[in-house]
Amino acid sequence: MTHTLPETELWERFVSGDQQAFSQLYDQFSDSLFAFGMRYTTDDDLVKDCIHDLFIDLHSYRTGLSQEVNVKFYLLKSFRRKLYAAHRKAMRLRFDPWNADDSFGMNAFSFSIEQEIIMNEGQRELMQQLALEMNQLPERQREILYLRYNQDLDYDQIAVIMQISVPTFIYRALKQLRGKLEFGSILLILCWQ
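Counting in numbering that gives the first Met the number 0, the sequence shown runs from 0 upward without gaps.
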C-alpha cells in the first residue's frame with residue numbers, strides 16, 4: 000500500500016528523479032487535468048493526448064524544473080498552454096473557410112450528475128438558475144470563476160494562466176451574477192464541490 004505524499008514533497012522527489020513520485024503525481028493530477036481540459040473542448044482524445052504529452056515533457060525536462068513550485072498551479076498553467084497549442088494546430092490542419100470557428104474558451108457551465116443527485120429541490124432550482132446565468136457570461140469570465148472556485152487558484156495565479164488583469168474580470172462577472180441572483184446563494188453554489 001502506498002500513501003500519498005503532500006504535493007510539494009511529491010514534486011521535490013520527482014524533480015530529484017524518483018520514478019514512484021512521478022507516477023504518483025500523474026495519478027494525483029490526471030483526473031483533475033482531464034476535467035479541466037474537458038471544460039475547453041469535447042474532444043476527450045485531445046485532452047488525454049495533452050495530459051500524456053505534458054507528463055512526457057515533465058519527465059524529459061525534470062532536471063531543469065524548479066524544486067519549489069505550486070504544483071497544481073504549475074500543472075494547470077502548463078496543461079492549458081499545451082491544450083491551447085494543440086487546439087490551434089488542429090484548427091490549422093482542418094481549416095474550413097466556411098466554418099472558421101477556432102475559438103478556445105470555457106465551455107458552457109454545468110453541474111455534474113452527482114452534484115445534482117445530492118441536492119434538494121430548492122438547491123437544484125437555484126443551481127439551474129445559476130448555470131443559466133453563468134452561461135450568459137462571456138467565456139473569459141466563466142473561465143475565471145471556474146479557476147477561482149473549482150480549482151482554488153488565487154487571482155494572481157489566474158492572471159498568469161489567462162494573461163489578463165483578473166480583479167476587473169472577476170468583479171464584472173460577480174456584479175453581473177449579483178444582479179440576477181441572491182449573492183449569498185451564488186457563493187454557496189460556487190463553493191459546492
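There could be a bad hint or two in this list.
Here are the simulated DSS-like pairs of lysine-lysine, each with C-alpha atoms no more than 27 Å apart in a straight line [unchecked claim]:
| no. | residue 1 | residue 2 |
| --- | --- | --- |
| 1 | K88 | K47 |
| 2 | K81 | K47 |
| 3 | K47 | K71 |
| 4 | K88 | K71 |
| 5 | K47 | K76 |
| 6 | K88 | K76 |
| 7 | K71 | K81 |
Computed spacing ranges between beta-carbons, pair by pair [said to hold, decoys possible]:
| no. | residue 1 | residue 2 | range |
| --- | --- | --- | --- |
| 8 | D155 | E132 | 35 to 43 Å |
| 9 | Q66 | S29 | 37 to 45 Å |
| 10 | V68 | Q18 | 26 to 34 Å |
| 11 | R171 | D56 | 32 to 40 Å |
| 12 | A89 | S65 | 15 to 23 Å |
| 13 | E132 | Y154 | 34 to 42 Å |
| 14 | T62 | K174 | 41 to 49 Å |
| 15 | Y170 | Q27 | 45 to 53 Å |
| 16 | D155 | R91 | 13 to 21 Å |
| 17 | Q18 | D52 | 13 to 21 Å |
To be clear, the hints were calculated from the coordinates, so they are not data collected in a lab. All C-beta atoms in this analysis are idealised placements derived from N, C-alpha and C, irrespective of residue type, glycine included.
Evaluation of the provided hints:
1. Taking the CA atoms of K88 and K47, the gap is about 16 Å. The hint holds against a cut of 27 Å.
2. A C-alpha spacing of about 11 Å is found between K81 and K47, which places the hinted pair at or below 27 Å, so the restraint holds.
3. At roughly 17 Å between alpha-carbon atoms, K47 and K71 fall within 27 Å of each other, so this suggested pair holds.
4. A C-alpha spacing of about 26 Å is found between K88 and K71, which places the hinted pair at or below 27 Å, so the restraint holds.
5. Between K47 and K76, the direct Cα distance comes to roughly 16 Å. Compliance with the 27 Å bound is thereby established for this hinted pair.
6. This hinted pair checks out: K88 and K76 have alpha carbons roughly 19 Å apart, not beyond 27 Å.
7. Restraint check: the Cα-Cα separation between K71 and K81 comes to about 15 Å, which is no more than 27 Å; the hinted pair holds.
8. Between D155 and E132 the CB atoms are about 27 Å apart, so this pair departs from the stated range of 35 to 43 Å.
9. A hinted range of 37 to 45 Å for the beta carbons of Q66 and S29 is inconsistent with their spacing of about 22 Å.
10. In this structure the hint that V68 and Q18 lie 26 to 34 Å apart at CB is violated, the actual value being about 19 Å.
11. Look at R171 against D56: about 35 Å separates their beta carbons, and that is inside 32 to 40 Å.
12. A hinted range of 15 to 23 Å for the beta carbons of A89 and S65 is inconsistent with their spacing of about 31 Å.
13. The hinted range of 34 to 42 Å is not satisfied by E132 and Y154, whose Cβ atoms lie roughly 22 Å apart.
14. With their beta carbons about 46 Å apart, T62 and K174 fall inside the hinted range of 41 to 49 Å.
15. Between Y170 and Q27 the beta carbons are some 33 Å apart, a value that contradicts the proposed interval 45 to 53 Å.
16. For D155 paired with R91, a C-beta distance near 32 Å fails the hint of 13 to 21 Å.
17. A C-beta distance of roughly 19 Å is found between Q18 and D52, which places it inside the suggested range of 13 to 21 Å.
Of the numbered hints listed earlier, those contradicted by the structure are 8, 9, 10, 12, 13, 15, 16.
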